[in-house]
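There are 2 protein chains.
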Amino acid sequence: MRVDTVPDPVLRRPTDAIVRVTDALVCGSDLWPYRDCPPDRVGSRIGHEFVGVVTDVGAEVSTVAVGDLVLAPFVYSDNTCPLCLKGVHTSCRNGGFWGSGDVDGGQGEAVRVPVADGTLVRLPADAATDDALRRSLLPLTDVLPTGHHAAVSAGVVPGATAVVVGDGAVGLCGVLAASRLGAERVILLGRNESRLEIGRRFGATDVVRERGVAAADAVKELTDGLGADAVLECVGTTDSVATAFAAVRDGGTVGWVGVPHLDKGLPAGAMFGRNVGLRGGVAPVRRYLDELLPEVADGRLDPAPVLDLDVDLDGVPDAYSRMDDRSALKARVRVSAP
Amino acid sequence: MRVDTVPDPVLRRPTDAIVRVTDALVCGSDLWPYRDCPPDRVGSRIGHEFVGVVTDVGAEVSTVAVGDLVLAPFVYSDNTCPLCLKGVHTSCRNGGFWGSGDVDGGQGEAVRVPVADGTLVRLPADAATDDALRRSLLPLTDVLPTGHHAAVSAGVVPGATAVVVGDGAVGLCGVLAASRLGAERVILLGRNESRLEIGRRFGATDVVRERGVAAADAVKELTDGLGADAVLECVGTTDSVATAFAAVRDGGTVGWVGVPHLDKGLPAGAMFGRNVGLRGGVAPVRRYLDELLPEVADGRLDPAPVLDLDVDLDGVPDAYSRMDDRSALKARVRVSAP
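Chains W and Y are the protein sequences, given in the same order. So my numbering is basically just the index in the first sequence, starting at one, shifted up by 11. So my numbering is basically just the index in the second sequence, starting at one, shifted up by 11.
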């Protein structure tokens, strides 16, 4: 992981915008390539969570203007194609991921934003000067809507019992989302005390420190032997996915948002026999912003506690290292003043 | 497959009832053990779809009485345990499958029915003398609610585009159910003309005769390149499950009810990346009877066309053989007069 100088981005298409990044975040999913990518001389861009100020717009851009403070979801999308209209912005016909192909990563000084009208969302002007507000808004780029997607996909409804597998930033946002959606009981699985404490502030009614089969047993003890109606799988490992299926009740649903890295496949036979559903996937963040952003803006919903480390651009490699060894939960990269 | 003489069933528990079977059905899922079971001298009971007359009840049975014409769903269940109350009767804590352990199969002259109050549903008295009405009610034991479960699990809502994979009795009932739930378009995948004709009568707006990738391509052509919102997987083979996932749109849902016999696992990576959900499983028939039975009783819903072969008890082996070679769709076993 290194910080390098690259050419400034320029408009390439009339639907592009250029954003000078003020804040970027480092994501748990960034750690997969951090761990797996062999060192090479060329390198590639990375980062998919950023907020910044529009500095240039193409001729066809109409919803944002130079000077606007904007937020980008973790994929770009036109917000008008048939799949965006169905709420699956991550499958947008004109969309894609930051840092792939000729598209910039979000952890940098500036980004060329494709299909800017569909991608960028304007933030309240206050957020330029109110750093605490901006900090609360930053998780809207990914982890808050991703936790929300887990809760929605798992079918959390008022009165439901929910389990959240994973005490990372997404899992904690899943607690916040499940609680917001009216879950009567939110059981957080984790073992890091400071993270569990954030989980409690976010609405966890119970915490389970065991792992694997023991964790599922503990969930069953808390749920009259049934298991949970809704399980939010926010990790993606073989073990965490197995725990999710062990903790859900028959007829319940696992909502998964942790990028799956599975040694064995999904438990098809048990899913069928127990009527356990599986929904979710790469979170279509854009779909949820109109619903979630106003609540964060007015303080009803505050995911800021998941950001526990601030670095500048030169501190990005350190941020990866500390998130990798779990001494930091999630890093905010302060790139420039708005 | 043979017809054998076994002891008459007797009450064993105060919650049991004895039912003299008037009609039984042969299910596509009965063909799995028919094909796979090695011949042995002992044999085991089979059949899980039956209607009959109550001939004896235990001391604690209160909802059915001697002389009642009743229907049994394809699993028995107490209808009161926490999982039944959640609508997952197939996971009932006091439930189980017909023909397993010391429980009789449904293809026979009489059956001891455990937890009779929860299991048995009374039929309109007319059905004792009105053979056509009884014929229409018989598929409520399994295939009609199973097709309905596929449609509900796949998330069919008014205006949705649905695909049904499989032109067996369950698939055809899936067409009926999807149409009843308001699907604007119901695309049936199959190649048997007489079955496709039933599918059209049941509400299929389109039929696709291709298989596999070609079938999914045909679905995409019919859906502006998107695929279907909801896919009802009513077969359970490796190929049919693959076709289901290929035919569903990103963000859509596969509802599966075909007992899975998969050579390879579920497509976890594609499901996650495309936000394709998977729900369903062994259909909790009892859950749906209060909703579906009145509509069949008054003629609004008529699944009788899926029954295209009548046999008596001695004809059961022939019925299996003809369903196995697909020359019959689904057999009704006329066991005795009501």
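Since the hints were made in silico from the structure, they are not lab data. Heads up, a few of these hints could be off.
Unchecked claim - Straight-line distance between alpha carbons at most 30 angstroms, and here's what the computed DSSO-like set of lysine-lysine pairs gives:
#: 1; chain 1: W; residue 1: K231; chain 2: Y; residue 2: K231
#: 2; chain 1: W; residue 1: K97; chain 2: Y; residue 2: K231
#: 3; chain 1: Y; residue 1: K97; chain 2: W; residue 2: K231
Right, here's what the structure says about each hint:
{"no.": "1", "hint": "W:K231 / Y:K231", "result": "43 angstroms, violated"}
{"no.": "2", "hint": "W:K97 / Y:K231", "result": "16 angstroms, holds"}
{"no.": "3", "hint": "Y:K97 / W:K231", "result": "16 angstroms, holds"}
In summary, the structure is inconsistent with hint 1 from the numbered list given earlier, while agreeing with all the others.
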